[in-house]
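Participant: One-letter residues, chain by chain:
Number of protein chains: 2
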Amino acid sequence: MKILLVDDHRILLDGLRFLLQSGEEEAEVSTASSVEEAWDMLRKDPPELVISDISVPKVGGIAFAKQVREHYPLIKVIFLSMHEQPHLVREALATGAEGYVLKKSAHEELLKAVKEVMGGALYFSNEIHKILVQRLRFPEDEKILSQREKEVLNLIFEELSNREIGEQLHISERTVETHRKNIYQKTKTNSLVGLLKFALENNLVSGLN
Amino acid sequence: MKILLVDDHRILLDGLRFLLQSGEEEAEVSTASSVEEAWDMLRKDPPELVISDISVPKVGGIAFAKQVREHYPLIKVIFLSMHEQPHLVREALATGAEGYVLKKSAHEELLKAVKEVMGGALYFSNEIHKILVQRLRFPEDEKILSQREKEVLNLIFEELSNREIGEQLHISERTVETHRKNIYQKTKTNSLVGLLKFALENNLVSGLN
DNA sequence: AATGATATCCGTGCTGGTGGGTATTTTTTA
DNA sequence: TAAAAAATACCCACCAGCACGGATATCATT
Chain S
1 MKILLVDDHR ILLDGLRFLL QSGEEEAEVS TASSVEEAWD MLRKDPPELV ISDISVPKVG
61 GIAFAKQVRE HYPLIKVIFL SMHEQPHLVR EALATGAEGY VLKKSAHEEL LKAVKEVMGG
121 ALYFSNEIHK ILVQRLRFPE DEKILSQREK EVLNLIFEEL SNREIGEQLH ISERTVETHR
181 KNIYQKTKTN SLVGLLKFAL ENNLVSGLN
Chain V
1 MKILLVDDHR ILLDGLRFLL QSGEEEAEVS TASSVEEAWD MLRKDPPELV ISDISVPKVG
61 GIAFAKQVRE HYPLIKVIFL SMHEQPHLVR EALATGAEGY VLKKSAHEEL LKAVKEVMGG
121 ALYFSNEIHK ILVQRLRFPE DEKILSQREK EVLNLIFEEL SNREIGEQLH ISERTVETHR
181 KNIYQKTKTN SLVGLLKFAL ENNLVSGLN
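If you're matching them up, the sequences are chains S and V in order. The opening residue of the first sequence carries number 1 in UniProt numbering; numbering runs sequentially from there. The opening residue of the second sequence carries number 1 in UniProt numbering; numbering runs sequentially from there.
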């Protein structure tokens, strides 16, 4: 069984390779520490399974998973991430990934996830399960930002003024203000600071990290 | 040689244990996923070396290192962290740690660090070295916020208005404004967003993480 | 004694963001 | 194809934040 591991922390990659190869299955594990590298390797020699981090510099694990799903729908995908924020988890699972394991889990759990997923099932850590259930019970929290709103949010965190954002997006400053209002409503925040905290906690902005 | 590993990601711990034990040295590796747990284990059976993450929930790896240094000055400490922000690195090394290895490094580098440190030397990843050199060349960047300014910054981060901050600290709103001005100058930022980004990058605020 | 950093206080006026609306067009979804 | 969501745009009133002026007191270091 061929597995491709993607994570920007080499040390984790090296450790994981050991772990996976020590599992009873004869696993052939290759590793990549960036999405670009991973994509190259995947095209040259498609694996059966991709295990990817989410917070990978630049492109990000979620975008990578989408790409994989689109071009190689048969390849299974498991996310291995430290993040357990509802919004992020939801976005990740919306790519159609077969698994989501938290980094704080024991390694046995990852091995189990691999086995389950390769057997055709899905596997999620307990915490992720809870989020899915929570989602059923409180669907009103579902409201996620639209694409445009995300763009505006990111430009806000580029320290641009509303006028500048308008110019950048070729829309009126008034429209930017409207977007801003809607963002505040959807995120239930009412100050720039609160918004920033929310955005960081939910990985909605691409600065930092 | 007894080694204590501290990190809140179990999977990383499991992988690292493999890596360290596969190194030629006969290493006896124990692991802890919280500072409290680590401290218990350390007291019961003191290791020669502690390898700790920095962003451990609640207490944090830096505080833990200080504690270890104070009560067991002979135990060597190596930080294994993803963070490479100058302020944070400086704070970490100020504890007197013998090493600082980035998680994005290859595992060979960690083994090398262990060997060097146990041999009585220090070991830092290249990126960390650069920060130390940079520090020598541009000491003017050292200017850190005063205690009062840090308090104000934290309250800003609590989403308080200047008026509320004034009440909280029993000072005039004007004074808060002055502090704010000085903070902006020192951090070379000129917007709330920029300031918050700076604060987060340099761990000046106690929210989040 | 002089210096620099810290901390405190005050007034004024401008501007950008906030919050209250309303409304049209396009796109997506059911 | 009808309904819903997203994106666009505008008006107006309000005020917090901030720039730009000032000012004084304390303390450690030089």
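One or more of the hints may lead you astray.
Treat identical chains as interchangeable: a pair holds within one or across any two.
Below, simulated PhoX-like cross-link-like pairs (lysine-lysine); rule was C-alpha separation at most 25 Å, straight line [unchecked claim]:
#1 K58 with K130
#2 K112 with K188
#3 K197 with K2
#4 K115 with K76
#5 K181 with K104
#6 K197 with K150
#7 K76 with K130
#8 K76 with K186
#9 K130 with K181
#10 K186 with K2
#11 K58 with K197
#12 K112 with K66
#13 K197 with K181
#14 K150 with K188
Just so you know, the hints here were simulated from the structure itself, not pulled from any lab data.
Participant: Are the hints correct? Go through all of them and say.
Facilitator: To see whether the hints hold, each was checked on the structure:
no. : hint           : verdict
1   : K58 with K130  : between (29 Å within a copy, 23 Å between copies)
2   : K112 with K188 : neither (38 Å within a copy, 49 Å between copies)
3   : K197 with K2   : neither (40 Å within a copy, 40 Å between copies)
4   : K115 with K76  : within (11 Å within a copy, 39 Å between copies)
5   : K181 with K104 : neither (37 Å within a copy, 39 Å between copies)
6   : K197 with K150 : both (15 Å within a copy, 18 Å between copies)
7   : K76 with K130  : within (23 Å within a copy, 40 Å between copies)
8   : K76 with K186  : neither (33 Å within a copy, 49 Å between copies)
9   : K130 with K181 : neither (31 Å within a copy, 43 Å between copies)
10  : K186 with K2   : neither (42 Å within a copy, 51 Å between copies)
11  : K58 with K197  : both (21 Å within a copy, 18 Å between copies)
12  : K112 with K66  : within (24 Å within a copy, 38 Å between copies)
13  : K197 with K181 : both (17 Å within a copy, 22 Å between copies)
14  : K150 with K188 : within (15 Å within a copy, 27 Å between copies)
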